[in-house]
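> As a plain string of letters, each chain reads:
Number of protein chains: 2
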Amino acid sequence: MPINVLFAARDDKWETYQPALNTAFEQAGLSVDLHCNFDHPEDVDYIVYAPNGPVTDFTPYTKTKAILSLWAGVENIVTNKTLTQPLARMVDDGLSEGMVEWVTGHVLRYHLDMDADVCDQSGEWVPHYGPLARERKVAILGMGALGKACALALKALNFDVIGWSRRPKKINNIPCAHGDDGLKSTLQQAEIVVLLLPKTAETENLLNAERISLMHKGAKIINPGRGPLIDDDALLSALNNGQIAHATLDVFRVEPLPKDHAYWAHPNVTVTPHIAADTRPNTACAVIAENIQRGEAGQPFLHLVDRKAGY
Amino acid sequence: MPINVLFAARDDKWETYQPALNTAFEQAGLSVDLHCNFDHPEDVDYIVYAPNGPVTDFTPYTKTKAILSLWAGVENIVTNKTLTQPLARMVDDGLSEGMVEWVTGHVLRYHLDMDADVCDQSGEWVPHYGPLARERKVAILGMGALGKACALALKALNFDVIGWSRRPKKINNIPCAHGDDGLKSTLQQAEIVVLLLPKTAETENLLNAERISLMHKGAKIINPGRGPLIDDDALLSALNNGQIAHATLDVFRVEPLPKDHAYWAHPNVTVTPHIAADTRPNTACAVIAENIQRGEAGQPFLHLVDRKAGY
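As they're listed, the protein sequences go chains P and Z.
Each residue of the first sequence is one higher than the one before, starting from 557 at the first, in my numbering.
Each residue of the second sequence is one higher than the one before, starting from 557 at the first, in my numbering.
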C-alpha cells in the first residue's frame, strides 16, 4: 500500500516541490501517493508543511505519523494547539551551505569595508587597510546547526569568532558563552554580530535598546535569523546616533518589508529580501524522504522540534 | 660585530619599518645596525628593499649577502642589471591572509550578487537566488603561494575551484591546468576568474581580446595580481558588449589610477585602490629577520627569486 503524503504549503510551491519530492521518494525506494489534497484527512500518513498553506487544524489527521516542515523556522506552526503529531524541522545541507555563504560574504564585506569601494567610484584613490581577520572579533548569537556552521567557516578564515547560545554548548576552538551574563560580555566584545537565533518568546526583542547600548561602539549587525529578534526602533536610534555603524537585515517582522519602512531609506542599513538561505528543493526533499523512511521503519525521526523550547 | 642592514625604500616607510624591523631583529636574537643610509656601501651586509627608494645601482654593495624585498612583487628590481646579489621576495603570512580575505570576499560578493542589494535600496523586494558555491566554478590563474592559499579557502567554502599556472602543479582536490591549452579550457569554464600571476614578459596582456572572447559569457574578473596582466582596451570592449559582466580591479598599469581613466566611470567596474594585500610590518619584518638569521648561519635563503623566470 502506498504511503499517503499531503503537501500542505502555498499553491505556488507545488509546481517546484511535486517533482522534487517524487524524485526523492523514488530514490529512497518509497512508494508514495503525493497530493496537495486528500478527500479523507484520516488517510494521510505524513504532512509536508510550509506556512500559509491549506492546513491550520491538524485534528482530523488522526493517522498522521509526522509533520515534516520544509523550513528551518517553525514559529508559525509550533504554537498551533491542534498539533499533537510529532513535528520535524528542516535541517538541510543546501540551507546550511547557503547560509554559510551569505553570512561569510557579508562578514567579509564589513571586514574589508567593501561598500567604500563599491559605492564610491568617484576617482579618489584612498587606500584603506583594516586589521586581518584574526584581529577581528565576530560574534554569532545562536549556535544551532546554522550558527555553528557559520562560526566554523568564519574561524577557518581566521576570524576571532565567539558564540553565544541560551544553553551551554561546546564547539572546538570557539568560545561559547551562554545565559544573560554571557550575552552581555559577548555583545561588549564583538565588532560584527550575526543573529542566528530561532524566534521564540525568549528571543523576541533580544537586541533591545539596553543590550544595543552595551555593544562595541560602531559595531555592525547582520540578521539572517528572524525579524523579531531586533527591536526595530531601538536599532534605528542606535544607527542614528552612531552606536551601531551599519546593519544588514535579511528578515523582518513584516515581509516583504513595506516600501515606506525606515530601513529602506536609512543610509546605514542594507535590506536584503529574505535570501540568506533558501530551502533548496533537491536537498530538502531528500531530508523529507529520509524522515519518511525512518517513520516507516519505526526509527526515531530526525530534527524533531522541542515544542516547549519552540525550535 | 653588529650586522649592517640598509633600509632602502621610500622615505615615508622608515617611520613604520624602523621600529618593526628592530623588534623583529631583537626577537630573532640578531645584533643589527639598521640605517636608511650608510657612508660606505661596501659595509652593508643586507639590503631591505622596496621600490622607489634610494638604491638603483647595486654595484657598490660588494659585501652584501642578499637583497630582501619587502613586497611580494619584484618586477621593479628583478630586471636591474647591476643586481648580482641573491634576491628574496616577501612571502608573509599577513600578506597571504589579507589576500585570501580580499579574494574570498569579492568572490562571495559576485557569487551572492551583493551589489544588487547594496547599491539598490529603492524599496523593491526582489528575492534573487543563485546557485550554491558548489555549483559555481571559480578559476584562479596563478597557483603560487597566494593563488594556492586563495584556492584552498574558496574550496573550503565548497566553490568548484580550478587553477591554472604556467608550469604543472599538483594541489589536493583542485584540478590544475597548465600551458596554453590549459589556459583556454580554464577560461572557457569559469564564471569567476581571479588573476594572481606575477608580472613577467610572458604574463603581460595575458588576458587579451582573444582570450577574453573564449571566456564564459557574462563572466566576472577579479584582479588583485598585477595591472599589466590585462589588456585594458580589450577588457573595456568586453565589458561594453556584455562578454564580461563585471570586473573588480585592484591593480593598474599606473597607480594611483588616473581620475579620468575609463575604469572609474564604467558602471560594471569596481576599482579598489591596491588594497587587496598589504605587506604587514610585523609579520613581514619577522620574515626579513629569519632570512638574515639564515644568511648568518650559512643556510640557504628562503623565497629566493628565480631571476630568469622573474619571480
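The reader is advised that the hints may include incorrect statements.
No copy labels: a pair is met if it fits in one copy or bridges any two.
Claimed, not checked - Derived pair list, reagent style BS3-like, types lysine-lysine, alpha-carbon separation capped at 30 Å:
(1) K569 x K693
(2) K693 x K711
(3) K569 x K711
(4) K637 x K619
If you are wondering where the hints come from, they were derived from the structure by calculation, not from laboratory data.
> All hints, please: hold or fail.
Checked hints:
1. K569 x K693: between (40 Å within a copy, 29 Å between copies)
2. K693 x K711: Classified as both: same-chain Cα gap 10 Å, cross-chain 24 Å, threshold 30 Å.
3. K569 x K711: neither (36 Å within a copy, 32 Å between copies)
4. K637 x K619: within (17 Å within a copy, 87 Å between copies)
The earlier numbered hint that this structure contradicts is number 3, and it is the only one.
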